[in-house]
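There are 2 protein chains.
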Amino acid sequence: MTQTNKYGRRGRQLRSGSSGAVAKTLDPKFFKALCDPNRISLLLRLAGCGRACTVSELNSCCPIDLSVVSRHLGVLRDAGIIESEKRGKQVYYTVCAVEVIATLRSIANALEGCCCCEPKSRQEKKK
Amino acid sequence: MTQTNKYGRRGRQLRSGSSGAVAKTLDPKFFKALCDPNRISLLLRLAGCGRACTVSELNSCCPIDLSVVSRHLGVLRDAGIIESEKRGKQVYYTVCAVEVIATLRSIANALEGCCCCEPKSRQEKKK
DNA sequence: TCTATACTTGCATTATGACGCAAACGAACA
DNA sequence: TGTTCGTTTGCGTCATAATGCAAGTATAGA
Chain A
3 MTQTNKYGRR GRQLRSGSSG AVAKTLDPKF FKALCDPNRI SLLLRLAGCG RACTVSELNS
63 CCPIDLSVVS RHLGVLRDAG IIESEKRGKQ VYYTVCAVEV IATLRSIANA LEGCCCCEPK
123 SRQEKKK
Chain B
3 MTQTNKYGRR GRQLRSGSSG AVAKTLDPKF FKALCDPNRI SLLLRLAGCG RACTVSELNS
63 CCPIDLSVVS RHLGVLRDAG IIESEKRGKQ VYYTVCAVEV IATLRSIANA LEGCCCCEPK
123 SRQEKKK
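Each protein sequence line maps, in turn, to chains A and B. Residues in the first sequence are numbered from 3 upward in steps of one, following the numbering used here. Residues in the second sequence are numbered from 3 upward in steps of one, following the numbering used here.
Bear in mind the hints are in silico, worked out from the structure with no lab data behind them. Since no wrong hints were added, every one of them can be taken at face value.
Treat identical chains as interchangeable: a pair holds within one or across any two.
Here are the computed lysine to any residue pairs in the SDA-like style, where the Cα-Cα straight-line distance is at most 25 Å: (1) Lys-91 <-> Arg-47; (2) Lys-31 <-> Glu-101; (3) Lys-26 <-> Glu-101; (4) Lys-91 <-> Gly-76; (5) Lys-91 <-> Val-57; (6) Lys-88 <-> Ile-66; (7) Lys-26 <-> Ser-108; (8) Lys-26 <-> Ala-54; (9) Lys-26 <-> Asn-61; (10) Lys-31 <-> Cys-64; (11) Lys-34 <-> Ala-99; (12) Lys-26 <-> Cys-51; (13) Lys-88 <-> Ser-69; (14) Lys-31 <-> Ile-66; (15) Lys-88 <-> Cys-64.
Assemble the whole structure, with the sequences as input and the hints as a guide.
Shown next, in the form of structure tokens:
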């Protein structure tokens, strides 16, 4: 899959072997979804809530219009970070925790594999 | 530390206990640094290179002006993702792999701790 | 069928970020 | 001390993204 930046050109293929694994996991869409402070707030609220929440409930954590909250949730959903389920008039959102955790760990593992840092087996709990 | 969004207000303190750990790790600055495709390219190039690289070397992986590359590297450095060292006329950049990996894993762990997903010990390979 | 509620979408405005060019900066070297 | 090379910074331009308001859609219930 060829990435294209917003200026049209670009057709990067990565240098070589090991970095390919990182390339696959480092999706700008994922990070883009997390780079807005309000989206982080919404995600934290949702994560901390421990249950599915409606748009209105989540709105209380951000001083922004409900419509904007709805749009932010859409961005997070499109990035696969949260998912939604409609029940009656309301839409309930939940964090795709398992998937997000897996994504984060696979990026970490891929980075570990391609950079010349400690191998996974003897990784130290360095702080 | 109180977060402030670009509209001035905002002073979120998270709901409660466990999500605080996620809040500490979910820094928009970190994600913001990774949400640009050119910065991802630079990071991949640097990671795949396996050694310190100069700005000029890294420039070859992106069809953008050298000055822009320099700025992108600055963003990555400010986010703690890469670090720089000046040697003579040149500036060598390297990935802070250990730190980045630790950050990713701590986010994953915090998320695991605060969401009601499977505990780490018996997490199933669902899906 | 009408109304209320919950949410989404269209649109215009504003803010933020990426970009290239040119100039500035700092180190090496003649 | 002047020149060259590698990099950074200033600045204006353009693209993208965030926002609020208003209007639209869908479901529940009177």
